[in-house]
Every structure is written in C-alpha cells, then in structure tokens.
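**Q** Chain A is already provided as a structure; the job is to place chain B on it using the hints.
In case you want the letters, here they are:
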Amino acid sequence: MGYLNKINSVNAVRRIVAAILISIVVNELVTTMLLRSFPGHSGVVETLLDGLLLFLSSFPIIFIFVYRPLKHFVKVVEEEKEKITLSESDLRQSDQMLKIVLENFPGVVFWKDRELKYGGANQGFAGMFGHSRASDIAGKTDYDLMSDVQAADKFRAVDSEVMNSGIPKLNVLEQVKAVGGRVIWFDTNKIPLRDEEGNVIGVLGVSLDVTERLKEEEKLRETSQYLDKLFRNANAPIITWDPSLLITRFNDAFEELSGYQYGEVIGKNLDILFPDKHKEVSIDIIKKTGSGNNLKTVEIMIQRKDGELRSVIWNTANVLADDGVTIAATIAQGQDITDQKDAEEALREQNDLLVLLLKYSPVNIFIKEVSTKENRVLNVSDNFHELTGIPSAQMIGKTMHELFPSDFADMIVVDDWTIFTNGNVLNIEETLNGRIYNTIKFPFILGDKKIIGGFSIDITERKKAVTQIEETVKKLELSKEELRQKNTELEQFTYTVSHDLKSPLITIKGYSGGLLRDLSNGRHDRFESDLKRIAVAADKMTSLLENLLELSRIGRIVNPPTKFSMGELTHDVISLLSGPITKCNANIVVQEGLPDIYADRTRMHEVIQNLVENALKFTGERPEPTIEIGLRKNGVSNQIFFIRDNGKGIDPRYHETVFGLFNKLDASTEGTGIGLALVRRIIEVHGGRIWVESEGINRGTTFCFTLQTNEQNGKEQ
Amino acid sequence: MSGEPLVILLVEDNPDHAELVKRNLEDFRVANTIYHVEDGEAALVYLRECGTYASKSKFIRPDLILLDLRLPRIDGLEVLKQIKSDAKLQSIPVVILTSSDAERDMAMAYEYHANSYITKPVDFDNLANLLKDLGYYWLAWNKRPW
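Residue numbers (my numbering), protein chains in the order written: chain A, 334 to 1050; chain B, 18 to 163.
Worth double-checking, as some hints may not be accurate.
Stated by the list, open to error - EDC-like, lysine to aspartate or glutamate: derived pairs with alpha carbons at most 16 Å apart:
#1 A:865 / B:36
#2 A:896 / A:929
#3 A:796 / A:824
#4 A:620 / A:575
#5 A:835 / B:140
#6 A:835 / B:118
To be verified - Coverage of chain B stretches by chain A, computed from C-beta distances (three or more under 8 Å per stretch; other residues unrestricted):
#7 34 to 43
#8 109 to 119
#9 142 to 154
Read the hints as simulated data drawn from the structure, not as lab findings.
Predicted, not measured: the structure shown is a model, and the values here were computed from it.
Where a beta carbon is used, it is the ideal one built from N, C-alpha and C, also for glycine.
Same shape as in the complex, but just chain A (with noise of 0.2 Å):
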C-alpha cells in the first residue's frame, strides 16, 4: 500500500509539474531556444512540446527523483520571467536559460539532422560518451561515439525510421553501453522534427535512465508472484472480492473447498458460492461488510460445485482505496467447520440420550466430579430425589455433605477417592435411610477431571424376601430335623412301649398261671407273694401308661408362656416336696435373685418337681443329703439352671442314657424311668437344653439346662 500511494502521489505530482513545464518552461523559454535552434522553423517548437509532454507523461516513477530540481529550475525561470521580454535583445539570455535547463536535465537530450549528425545534445548525453562539454557532441555521428558498430547501427536505424516516416517512436528501450563499460537501459522516446513545411529535418531524442526502474519493476514482480505464490498455496481458503461483490481472487484452499476452479468463479457474483435457498440471506450478511464492518467468525454456508453443502466460518477485512476511506476490496477468509458439525451434532444426540437416559433410569445413576476431600455432583438420575429428597436438578454441583447425612458422606468420599487411585470398579452394599442399595462405582477422566461414575439399585425388597426365603429355608430344615427326630423318638417309644408295657403283662399272666398250677397242685404258700406281684405288676401299667399319655401330651399341648419368677416358682415345688424332704433330712439351698423367665410355667414346675425328686431319690443315704437350685450365669443372654446334689453320682457312661425313656440306672429304685425323659422334652420344647455333670461315683450329680428367657422365643413357641 505505501509503495502505491507513493505512487499516486508521485502521479500526482507529475501532473502539477507538467502543467507547470507547459506554461512556463515550453511556453516561452524552450519555445525560443528551439527558435534558435532550428531558425526558420517555428513547426519545431509545437513538436518539441508535444514530444517532452508525451515523454514526460511516461515516466510517472522518475518524476519524483526531477521534481525537486525542477522546482527550483521553475523558480529560477519565474525570476528570469520577470526579467524576459519579447525583444530579441533578451535572446542571449534565453540561450543562456535553455542551456540550464538542458544541463538540469535529469536524462538525455540529443538531436540529430537528416543525415543522422548530432545536432547537439546535453551535457548529460556527453558525459555518457565522456566528454566534458555538450557542445563537443555537435557534428558526430554515433560511430564517432560509442565503438560498438552493431549498436550505433541499431540507433540509428531507429532514427532513420523515425524521421522517414514521420512518426514518434515512444517508450523505445535501449541498451547503451556508456564509458567504462557500464550498461545503462533508457527509455527513449524519438520524435521527428520539422520545418514550416511539415518536412522531417531531423530527429529528437529524449531518454531517460531507467536502469533503477526496472530493477525495481523486477523487484516488484518478484514480490508480487511471492504474495501471489502465499495466497494461492496458503492452507486456509482464501477469496477477494470487489465492492460490487464480483470475486477476483480465489485461492487453491478455496478451490478445494467449494469444489469450484479458479476460471469458474473468477469475475462471477460471489453468490455463486452459496445454496440457493440461503443465497439472499448470506449476501445480506456479506454485503455487511461494504458498511466497513468486518465478519468475525460468521457462519455462512456453501454449496460446493457437487451440491454438497458445507458449513463454514468466514472471517474478512476489508482493503481500503488511496482515500483511506472507500472499500476497494474485501478478503474473507474461511474455515469449512463441517466434520466439526457434524461431531458436534453427534455428540448433542449422545448428550440427548443421556438426558433421556437419566430420566426414566429406574436405576439411580450419578456422576460426580471426585477430590481426596470432597466431591460433588456433575449430573443424576432424576429418580435420586428419591435418596436426598432433593429434585434431581438441584443437587447438581452439591457436595456429599450437602446432600447426604455426615457419616455417610464421609463413607462416600473416602470410598471414591480409594477407587479413584487403585482405578477398581466397586460393588457394595450401602445403607441409606434404612434402604439397602446395592452400588457399583466406576472411575473414569473426563478432560482434566477426576469422575466417579456409578449406578445404585435399591434391593432393599429384594434383600427381605432372600432373607425371609433363606428363613423358610432354615425353618424348612429345622422342621425336616426336627420331624426326623420326632420319627426316631417315636421308633424308640415304640419299641420301648413293646418292651416295657408286655413286662408287667408278662408278670402278670405268668404268676396268674403259676397261681392255677399252685391251686391243682395243692401247693399253697405262694399264693399271697405272687398275688402280690400281679397287683404290683398291674399298678406299674397303670403308671406306664399314665407316663405315656403324658409324654405325649408334652410337644402337642403348650401353655401359653407367661412370665413369671424361677425363685418363686422353686420354693413353690420345695413346699410341695416338704414331705420327701422332710423325710430324707434334705438340706435345701435356692441361690437369691433367681431371674424372670418366659415360658410354661406348669411345665416348669414339672421340671424342677422330677429334678428336686431325682436329687433326693439318690441323696437319701448320705449323711448330711444337700441340694443347690441356682442359675450359673453364663453372659447375658445364656443363663444356665442348676440342680446339684452331694449324691452318689453318674458315671460318666451314663450321662446321655439316663434320659432315655423308662431306662433306669438301678433297677431297683422307684419310678417308670420317664422322668428325666419327662424333664429333656420340656426343656427342649422350650428352646433350652439339658445335661448331666458329675464327676463319678459318690461325687454327687448336676443337673444343669438352659431357656430361651426372652420374651420373643416365648411367644414363638
């Protein structure tokens, strides 16, 4: 831009100085040095102006390197105006004028007559041939001058065409070789010269050096296929237009981006570019830009040559006239963001789906942004109002400690950041509010941030009904044991009812045989013992079968347990049994602060009877017989009963069989036997468990067994 307004005021100047030249300079002072010149032949002076106008007019770039001079020289000839007069007195002055100018004269100045003798020339002209004087140059030919033949025949031919034909010869570039071999390039304009009669009497030759000028054309072209080479091969699409929005430029980028060549869309309006449908829209936008406005990054659509449509971004700037003012191009370039539309929309669609996702997930779903210190909520599941009670778009950006009670956050954070740094998935169970949630937690990095990702189900339901099926289960299996059990009881029940109710029929039917054989025999003196036996025999029935029902009866029929103190219930049996205990001199001891129990207590009462009458069955021959009742306390909820006697003892082998229905250690103490097997069904029955510690043999024996105390076992029975 600079090198052209150089130019335009340059060009400026040289109209100023040529308008200047032709009134003064030409006017009046060549006009009479030309009238010397040539006398006689006022024609020349009309051509002489013609000719340096013409030439001067040709030399736009040299006129800035004369301007100076010749403003000095234009102030010089005013001062000489004054001074001048149109007598011919003044003429030598004139003369003396002429020769300034021609010596001021940047380029050359020669003139050759018809036979192509230098009529003069300056002082410019001759120093090129080194002489020292113009005046030397008159009278010699070009061979006189330069000793290249070729050359001087070159000139002249020129010269020789010129006057024979009569017409100027203008711009003419020649080479001339001056002294000391330096080659100088002139542009040369030839103008015939001629007398009154219109005749060619010679020739003028005014040229000017334009060695620099085209050294700087060369440059400039240079320069110019450089800009040109940056334009057309720069990777971003490129494109020029003018004010009336027809392009002039179109780069390579720009080819490739609307399919179109450069011939196809140079000189056309630039709507060419843009699909029909946008066409009015886009030019609206573009034109703008003759408003001095420039697009920054607008999206405007193009059509490529095939059709296919092209989203891109324009950014112009607009190139200014020599005013400064008018818009004398605009250059846009673009930048084709169609892949990047195109991912975008793709990941919009994703964003959609995962909008969508979120909302109707009957998984709860979070994600969160995760530190060591805290973390906090990047997007959820609609359905997480249902944890926080907080709807799901508020807790965005809340913190755990926001949003979940503080201990639980805690659990959260820490959890995070663990998964975070070992990079595992985790699979857990959480506890919320009661609810069971089970959690799967994933970390990922999404740009510069840390994520926990994860997805939690409540199995709360899902959780109670496993535990209720594995509760059915283990119920299943504990009635499966338990029938199994019942069923070798019952065998053994069997079997010993088989055994032990045929015994005293046996008894019985033996002696009644015995008696008749007695009778017929006439033996009498057994009659009364073995009468005795079958009584005895038929009363140990009664009570077998007595026992029995009421073994059976134990299991079928419970009370309902009710709660009620063992210390009492301990001294009431002691009161019953005050006879055997009186009578066995049985020293009794009940521990103080026996507990409350739940259970039945009739059944209870049984127990306690068939022990206390156990102990003092088996302490009557000791000296000084003592039974404990107390309870062992063995943690909370594991109280263990006692009955302790100083007896004789079980030996160990015995431990287990003496509850076994009707088996009796000695055979010959009272009772069925069913006692203790009275006494094991009920503890079992309620939950407890019986067992027999003694050390031996006249150790004495403890009976020791267990209950479900708690109200709840109770109830279940």
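**A** For chain B alone, kept in the frame of chain A given last:
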C-alpha cells in the same frame, strides 16, 4: 441226663420275671444252680470274676447265660457283644430271653453271635414249656466239651 452240676447265669432286671424263670427251671430240675443279676454291668462283673461276686467262696462259670436285652446301665446287646468278643467267655452259649420281638433287636443279637433268641411268651403254659425245653436242650441234650 448228665450227672454234672449245671450252672445258669440269669441276667434279668425284672425280679418277677427272674422268679418265674427260676421257678420253672427248678420245677423241671433242669439246673442245679441259677445265679441271677439285675443289670448288664453286674453280669459283666460276674463274668469277669471280679466285683461283688468274686468275693464269693464259690465262683462258678455258667454253662448257659439267659440274657434280657433291656437292662439298666449296660443293655443286653452290649453285654452280649462283650461276652462274644472275650476269648475266655465267647464259648458260653448265650440265649437272649426278652419281651422284645422287634426285628432290629433280633438282627443285632445274631450279629453279635447270640446262640439263640427267644421271646418271653405272655401265656404261662407256653413260658413253662419253653423254659423246660430250653433247659433240656442246652443243659441235657446239647453236648459240650466241658
């Protein structure tokens, strides 16, 4: 009928039954001597020549053992098992005399090498005949090396 004195060990917890057995055997003069114990433990003690019976001046190895199955302390099957696994005792014939006619008891008894298994008949005459036959069979007709 052999002139040798015959010894029977009766293991029976029910004294009435024991009396019935003794009477019948005596009536038919089958046995010279009947020793009666009331439980399994006592039976084993007797047989191993120790305990209360060892102190008796006249310990006599039984020619036949009448063993009830349902006994206090150590039951009949256990007693049988111990007799039959004792080299000194296993040659003594053991007759199970019980009120149980359970198949299980029978099978177990033979498994433990009982020599005979008899259920106590409820009817008196049957009992008397059975015991008579039993006596004859084991103590008179059955030949033995001692």
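**Q** None of the hints should be skipped; say for each whether it holds.
**A** These are the hints, each one checked on the structure:
no.: 1; hint: A:865 / B:36; in the structure: holds, 13 Å
no.: 2; hint: A:896 / A:929; in the structure: holds, 7 Å
no.: 3; hint: A:796 / A:824; in the structure: violated, 41 Å
no.: 4; hint: A:620 / A:575; in the structure: holds, 11 Å
no.: 5; hint: A:835 / B:140; in the structure: holds, 12 Å
no.: 6; hint: A:835 / B:118; in the structure: holds, 10 Å
no.: 7; hint: 34 to 43; in the structure: holds (count 4)
no.: 8; hint: 109 to 119; in the structure: holds (count 5)
no.: 9; hint: 142 to 154; in the structure: holds (count 3)
Hint 3 from the list above is the single one not met by this structure.
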